[in-house]
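J.: Using the sequences and the hints, build the whole thing.
Line by line, the protein sequences are chains D, Y, F and G.
Position one of the first sequence corresponds to residue 1 (the UniProt record's numbering), numbered consecutively onward.
Position one of the second sequence corresponds to residue 1 (the UniProt record's numbering), numbered consecutively onward.
Position one of the third sequence corresponds to residue 1 (the UniProt record's numbering), numbered consecutively onward.
Position one of the fourth sequence corresponds to residue 1 (the UniProt record's numbering), numbered consecutively onward.
It is possible that some hints are incorrect.
Claimed, not checked - So the derived label-pair ranges between C-beta atoms look like this:
hint: 1; chain 1: Y; residue 1: Leu139; chain 2: D; residue 2: Val311; range: 46 to 54 Å
hint: 2; chain 1: Y; residue 1: Gly169; chain 2: G; residue 2: Asp58; range: 48 to 56 Å
hint: 3; chain 1: Y; residue 1: Leu139; chain 2: D; residue 2: Asn313; range: 22 to 30 Å
Hints are computed from structural coordinates only; laboratory data are not their basis.
The beta carbon of each residue, even a glycine, is placed where N, CA and C say it ideally should be.
Spelled out from the first residue to the last, the chains are:
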Amino acid sequence: MPDAAPLWATVVLPVALAVAAVVAAGFDAMLSGSAERGPAGSVREAGLRALAPLREALRLLVQRPRRTTAADRLLGRLGVVLVPVAAVLAGAVLPWGFRAVSDPSVGIVWFNAMEALAWAAVWLAGWGPNSALSLVGGYRFLAQGLAYELPHMFAITTAALGAESLRVGDVVAAQDGLWFVVWMPAAFVVYLLSALAMSFWGPFEHPVSRDAAGGAAAELAGVDRLVFLGGRWLLLVVTAGFSVPLFLGGGHGPLLPGWAWTLVKTVAVLALLVAGRRALPVLRMERYMEVAWMVLVPLTLLQALFVAVVVLNR
Amino acid sequence: MPDEVIFWVLALVAVAAGVMVFRFDSMARATYALLTSLLCVGGEVLLLGLDYLGVVIVLMMTIEMAIMAVFMVMYMMNPAGLMPMTMVHNKKGAAAICAAVFAVLAAGVLLAPWPSRRGRPSADPTMDLGLSLMGPQMLTMMALGLALFATIVATVVLATRRGRYDRFGDDLKARTPDDAVRGGTGR
Amino acid sequence: MDLRGALRRTAMTRPAVLAVTLPGATELRLEAEAEVRRRGWPVVDAPAAADLLVVCGDPASDDTPWLDGIERSMPEPALRIVAGESGQLADALDTARRDLIDKAATRRAAEVAEVAHVADVSDEPGGHEHGDHEGHGDGHDHTMGEVAGLPMAERGDDRDELRLDRLHVPIGPASSDWPAGLVLRLTLQGDVVQGVEVDHLPLPPSPRLPFWDEPWLRAAHGDEVSRGSAVRRRCAAHLDSAGRLLAVVGWDDVAARCRRLRDEVLSGASRESIGGDLRRTVRRVERSRPLRWSIAGLGELPADRARAAGVSGPALAADGDAHDRLLKWLHEVERGLEGLDDARPLAPDDRTGPRGRLDGPQPPSRALLDILPELLTGAEFACARIIVASLDPDLDELALAPVSGAAHA
Amino acid sequence: MSLELFLLLAAALFSIGLFGALTQQSIVMLMMGLELMLGGVIVGAAAVWHYIAPAAADGQVLVVLAVTVMAVEMVVGFAVVTALFRSREVDMTDMAAELKE
Chain D
1 MPDAAPLWAT VVLPVALAVA AVVAAGFDAM LSGSAERGPA GSVREAGLRA
51 LAPLREALRL LVQRPRRTTA ADRLLGRLGV VLVPVAAVLA GAVLPWGFRA
101 VSDPSVGIVW FNAMEALAWA AVWLAGWGPN SALSLVGGYR FLAQGLAYEL
151 PHMFAITTAA LGAESLRVGD VVAAQDGLWF VVWMPAAFVV YLLSALAMSF
201 WGPFEHPVSR DAAGGAAAEL AGVDRLVFLG GRWLLLVVTA GFSVPLFLGG
251 GHGPLLPGWA WTLVKTVAVL ALLVAGRRAL PVLRMERYME VAWMVLVPLT
301 LLQALFVAVV VLNR
Chain Y
1 MPDEVIFWVL ALVAVAAGVM VFRFDSMARA TYALLTSLLC VGGEVLLLGL
51 DYLGVVIVLM MTIEMAIMAV FMVMYMMNPA GLMPMTMVHN KKGAAAICAA
101 VFAVLAAGVL LAPWPSRRGR PSADPTMDLG LSLMGPQMLT MMALGLALFA
151 TIVATVVLAT RRGRYDRFGD DLKARTPDDA VRGGTGR
Chain F
1 MDLRGALRRT AMTRPAVLAV TLPGATELRL EAEAEVRRRG WPVVDAPAAA
51 DLLVVCGDPA SDDTPWLDGI ERSMPEPALR IVAGESGQLA DALDTARRDL
101 IDKAATRRAA EVAEVAHVAD VSDEPGGHEH GDHEGHGDGH DHTMGEVAGL
151 PMAERGDDRD ELRLDRLHVP IGPASSDWPA GLVLRLTLQG DVVQGVEVDH
201 LPLPPSPRLP FWDEPWLRAA HGDEVSRGSA VRRRCAAHLD SAGRLLAVVG
251 WDDVAARCRR LRDEVLSGAS RESIGGDLRR TVRRVERSRP LRWSIAGLGE
301 LPADRARAAG VSGPALAADG DAHDRLLKWL HEVERGLEGL DDARPLAPDD
351 RTGPRGRLDG PQPPSRALLD ILPELLTGAE FACARIIVAS LDPDLDELAL
401 APVSGAAHA
Chain G
1 MSLELFLLLA AALFSIGLFG ALTQQSIVML MMGLELMLGG VIVGAAAVWH
51 YIAPAAADGQ VLVVLAVTVM AVEMVVGFAV VTALFRSREV DMTDMAAELK
101 E
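T.: Laid out in structure tokens, this is it:
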């Protein structure tokens with residue numbers, strides 16, 4: 001059962017998330033490296049490639065910040081900083097084993113509210129520099145938000161419905177026997193899609209994609225860029241990690257202790273997302289929007305209905 | 001004691017941001033000042049023990065303001081506020097009216113004999129709310145649902161200029177809609 | 001050595017590269033891409049993210065202002081190098097890295113530079129200001145004109161019958177995955193392209209033949225060219241175009257594979273060594289339903305319209321949208337695999353280059369440029385980029401005088 | 001903290017919102033004033049629930065109502081602005097009034 005986590009967990013949480021983000025980014029860099037330069041010949045070479053994100057972070061720290069003419073620096077800065085902050089705040093309800101930093105009675109809604117902050121953040125980061133392409137990127141994320149948010153909400157509501165509670169700890173407890181992914185597969189898949197969309201990463205990186213010279217990040221340099229793009233990885237880790245308590249049974253599992261199961265499952269989900277990214281081009285919202293509203297929304301509603309009927313008859 | 005401090009901080013920020021909404025030249029800043037103010041309102045609601053409603057207010061207002069920013073930039077003059085300008089009418093009269101309204105409200109608040117607290121909040125107010133909406137307040141819930149549905153229909157009708165005859169031809173027989181942008185379901 | 005200094009040095013051991021290619025420097029671009037990739041330096045797409053600006057080609061004096069603009073909008077420590085001739089690039093990059101490390105190590109107290117430009121720098125100030133628009137009636141005493149030296153947007157009718165702000169945004173010549181030297185002056189409303197003006201950097205008369213068309217042109221001049229080398233060039237050209245389109249579509253993985261294959265084809269890899277990899281990549285693109293879903297219907301160019309516009313080559317043969325053109329390229333590449341090592345001489349009257357017939361009244365890329373406005377108007381920005389990449393005009397060809405034999409074509 | 005303090009905050013937000021709604025020419029800005037007013041209503045309703053009748057859910061229902069009204073009001077406002085803008089390029093109340101003449 002959920003216990004309150006000790007105070008030090010508050011400090012450890014951002015660090016743990018950052019480490020996970022670096023590991024995930026390193027894995028991604030290794031896969032990209034083998035696409036660009038062929039398979040790594042040696043373990044050392046592979047290791048060097050995996051270090052690329054850290055090297056990149058150091059490089060950005062050394063870069064001097066820059067600003068653009070007539071920029072709205074206050075809002076731009078706010079947007080940049082809000083991305084990692086939203087990720088960490090959402091991570092506060094993420095149970096590690098059976099303990100989260102905080103397990104409020106409406107944890108699931110809290111998680112959703114914090115990720116909605118990313119909407120505001122990306123738009124602000126795009127608006128701030130007063131540049132056409134970065135504003136285009138900011139708007140793309142709003143469109144993306146409109147497309148993914150509704151199916152996403154229904155997906156996580158389905159998990160809450162299955163557990164008859166909005167508390168994350170209760171959702172984990174309800175999966176003691178059967179994981180939710182078994183009887184809510186549609187919600188799980190939709191959740192994974194929206195996890196990518198929310199962290200505007202991979203197939204959903206249109207707001208920061210190359211065709212608009214980096215979109216919302218087009219004018220960010222130095223530390224700003226590091227915080228923004230690093231925050232994106234944090235968001236990915238948090239949203240991927242949250243699928244574990246929601247659908248994959250949290251810390252439940254044989255033999256290993258709860259924290260180990262959480263770790264294993266989170267790594268598996270992240271690896272799936274990072275590797276799966278290779279198979280997909282970027283999904284543009286003008287196409288995805290229709291799919292989201294015409295297919296995914298009814299699908300998640302049916303899933304929720306099914307779960308509701310099961311819960312009522314149990 | 002911490003509650004007291006949080007209350008005052010949130011209250012002052014809410015009021016200050018509320019004032020700034022109408023003082024910023026930049027539409028983006030005005031929108032986000034309003035968001036700040038409403039997030040503080042959400043915080044106060046959390047402080048009063050309504051966890052669910054407080055978080056929902058945070059969630060909804062964030063999304064609402066993010067979308068509002070689009071419309072602001074789309075339709076407003078001078079969205080970035082690069083040129084100082086005023087777009088108000090009847091400022092003095094309005095200020096007088098608002099001061100009077102505030103004075104009356106404040107007097108009412110301070111002078112009214114508020115009844116003392118009856119009952120205790122239940123352990124889970126969210127549950128209360130749900131039971132109430134699905135029970136005695138069912139009518140409210142249904143009315144809200146209908147209103148939201150009517151709003152969706154009405155706003156789409158208002159905002160779009162294209163109907164199904166424009167999209168599927170006069171006899172509605174076209175297999176794919178004639179849209180400016182091709183959608184994703186391949187119809 | 002202090003720790004901070006050491007960290008600064010380490011940070012710049014792999015500087016981020018922004019490569020800008022000038023018309024006529026395709027060969028240098030390929031060399032630069034291969035060299036940067038070999039070193040594992042990050043390649044970025046905006047000046048804000050870059051440390052090192054690599055200019056491929058010899059900049060004319062007209063090019064200086066916009067190149068300066070890009071350099072100014074790069075965050076310190078920043079450096080620009082010009083790769084004017086092939087074979088010197090490795091040394092130039094080594095020197096640049098050393099300079100960057102020195103620059104980073106001797107950094108002064110941070111003073112923030114103010115840059116006046118957006119990611120895409122053109123040779124004239126573009127109206128990239130999303131600011132005020134024309135007066136809304138009376139009673140508002142504000143003046144129109146410029147703010148902070150930037151012109152204001154004005155309003156105009158748009159696709160959805162809303163009169164919204166118009167932005168004039170020049171795209172190119174420094175965009176990544178973009179035809180070298182091409183400048184499109186877009187009129188954007190939101191991110192919908194409402195108007196396009198096709199322009200390009202000045203094309204200096206060059207003694208060099210357009211890289212992608214070289215074998216056929218040399219054969220036309222009477223030089224002995226083997227069929228194999230012509231096929232190699234065509235395959236590499238198509239792989240280059242496909243890689244570019246896939247990069248714009250955002251499928252980085254396969255784009256990188258196409259580019260690696262392109263370099264291997266050019267460097268003379270045998271059919272056996274690359275055949276398997278190439279076929280796998282082609283199959284992968286062919287079978288990808290998400291890719292088809294994503295770009296089908298973009299830039300529809302039926303054959304009759306293409307022919308009327310003077311388009312020849314794959315864009316005509318594909319007879320369809322961006323996805324068809326991509327598959328056309330890849331199928332031609334796959335077909336060419338057989339003839340990679342064909343030593344027979346190329347017939348002098350074979351004038352079908354990678355982008356179309358070289359003996360027409362105008363170079364094939366000219367026709368591709370001419371149909372751009374028609375295809376781009378009304379498209380969204382992302383779609384416009386995809387359409388341009390799916391046609392991939394080669395501006396080197398514009399400098400080409402009509403090939404002898406064109407008179408009776 | 002007391003009921004009075006919360007209600008004073010609610011009154012302040014309401015009055016600021018009213019000021020905005022009365023003075024702003026732009027329809028979108030006017031809506032922002034309305035949103036602020038409703039924000040005041042929310043604080044008031046929640047405070048009354050907490051300090052007077054915590055056992056009943058009526059206060060909470062009022063908050064739900066206010067939040068819904070905010071959403072509806074905003075959506076309708078945008079739709080009206082879009083429609084007006086499409087037909088007349090008008091986004092201000094004064095100008096919409098002039099159209100009547």
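J.: Confirm or reject each hint.
T.: Results of checking the hints against the structure:
1. Y:Leu139 with D:Val311: 46 to 54 Å: Violated, since Leu139 (chain Y) and Val311 (chain D) (Cβ atoms, about 25 Å apart) do not stay within the stated range.
2. Y:Gly169 with G:Asp58: 48 to 56 Å: Hint holds: Cβ distance 52 Å, inside 48 to 56 Å.
3. Y:Leu139 with D:Asn313: 22 to 30 Å: holds, 28 Å
Hint 1 from the earlier list is the only one contradicted by this structure; the remaining hints agree with it.
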